[in-house]
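K.L.:
Could you build all of it, start to finish, from the sequences and the hints given here?
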Amino acid sequence: MLVDFTVANYRSFNQPQTFSMIADSTDELPDNLIKIHDDLFLLRSAAIYGANASGKSNLLKAMDDFASLIVRSADSSRIDRPIREYQPFLFNAAQATKPTHFEIRVVSEETIYRYGVEFTGKKVVGEWLYQKAGKKKEQILFERENQTFQLGQLFKAEGSPLQDKVRENALFLSVCAQFKGEISTKTYFSILCHFISEISVGKGFFRNANAEKIHSRPEFKQSIVALLKSCDIHIADLLAEPKSEAQKKSEFLDPDKPANNYLLVHTLHDNSGQQVGQRSLPLEEESEGTQRLFDLGLLFESHKFFFKSFLVDELDDSLHPLLQENLVRLFHERQREPKQLIFTTHSTEILTNKLFRRDQIWFTEKDELGATELYSLLEIKGVRKDLSYGKNYLLGRFGAIPKVTPFEPSDG
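Numbers 1 to 412, taken from the numbering used here, label the letters of the sequence shown in order.
You may find that some hints are simply not true.
Dumping the calculated DSSO-like pairs for lysine-lysine here, alpha-carbon to alpha-carbon at most 27 Å [stated by the list, open to error]:
| no. | residue 1 | residue 2 |
| --- | --- | --- |
| 1 | 180 | 123 |
| 2 | 35 | 354 |
| 3 | 391 | 35 |
| 4 | 229 | 354 |
| 5 | 35 | 135 |
| 6 | 35 | 186 |
| 7 | 339 | 186 |
| 8 | 381 | 391 |
| 9 | 391 | 354 |
| 10 | 366 | 136 |
| 11 | 123 | 136 |
| 12 | 403 | 381 |
| 13 | 132 | 35 |
| 14 | 156 | 180 |
| 15 | 137 | 213 |
| 16 | 213 | 385 |
| 17 | 136 | 35 |
| 18 | 137 | 156 |
| 19 | 98 | 123 |
| 20 | 366 | 132 |
| 21 | 385 | 339 |
| 22 | 229 | 213 |
| 23 | 132 | 213 |
| 24 | 385 | 366 |
| 25 | 366 | 403 |
| 26 | 136 | 156 |
| 27 | 366 | 381 |
| 28 | 381 | 354 |
| 29 | 366 | 391 |
| 30 | 122 | 165 |
| 31 | 165 | 135 |
| 32 | 98 | 366 |
Each pair of labels, with its calculated beta carbon distance range [to be verified]:
| no. | residue 1 | residue 2 | range |
| --- | --- | --- | --- |
| 33 | 164 | 346 | 49 to 55 Å |
| 34 | 397 | 16 | 23 to 29 Å |
| 35 | 92 | 38 | 39 to 45 Å |
In short, the hints are calculated from the structure, not lab data.
Since we're looking at a predicted model, the values are computed, not measured.
Every residue, glycine too, gets a C-beta built ideally from N, C-alpha and C.
P.N.:
Structure follows, in structure tokens:
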């Protein structure tokens, strides 16, 4: 489970901003919580609101790029290449060459791992890993400053032989995990299993990667069908046609181009309303909303046994507010499958105290220098839990709305 994430000097983020999934002690909506132990409860979902270009998507991109950095860091093909995840805040001349800062805390089997990195386009200038088991004090596993390493007692056995093998543009954690170090491998996967994002994985990849699963695993197919039906999409079945060699070649050359191999089966009726047969339509001929639900179903269902946190940018894209609410409730109500949904949206219809606690609602707003500031509804003084959140948000009480001015077209 994701505990919190901190980002600084990345895209629209200048100074450090922390996004937290730690639940406050308020008694609101207890079903929206995941109990880790008596002193730690985490949120099942978080909704991020803000004006266009305020930094909502950049928060999800930061998490996604952090995971990408960890996965690709030890790749030998990156030896002489710049660190592509380095995208510093550009509206302050002093920040343009300073390191980007990422830090995450995740919990796995009641152990909290705190892992962070600071890097430029050329090298890693700082890296650290700590662990906190249960209610014990936090312990150092390693700290790194440029190419100088300090190893904690628990990490010396697997870390000491590898210090000299770490390139200046590679992560120590990734290298140790590549050599199958026990702690580093566990930490590596504990962090990575917290992010599956539709940002980096295009719909074409998801559709192509799951076609065979739909075709050969009835229980997986039924999960997708059940999700669509729960959202009032009237289908009788879902089919995945076997791919031709031409399709496979097309997918290899362009993994983001979805192969036209999914069919949604609809029931045919006569004039009296009696069922008289079925008709199949290619997925691409269905509405944008149906396709969006299908792709979200693939995202949620195909990775539910591995990934813990699902990142969705613009949940309201092509979806009715009631369908958005339905998807959020899936995460709140699956008590035996503790997962987290973190999403951005502009939909104020779902911004209610019936669906969200105050600590689940987050806002992004740019300051006068163009930098994103991140804060939760719970941090705003005077906001009662019985308030109409959506109405007051649009009235500007919480900030994070566009400052609209009259438009006067030029005479030219």
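K.L.:
Can you name, in rising order, the numbers of the hints this structure does not satisfy?
P.N.:
Hints 3, 10, 11, 15, 16, 20, 23 and 31 not satisfied by this model.
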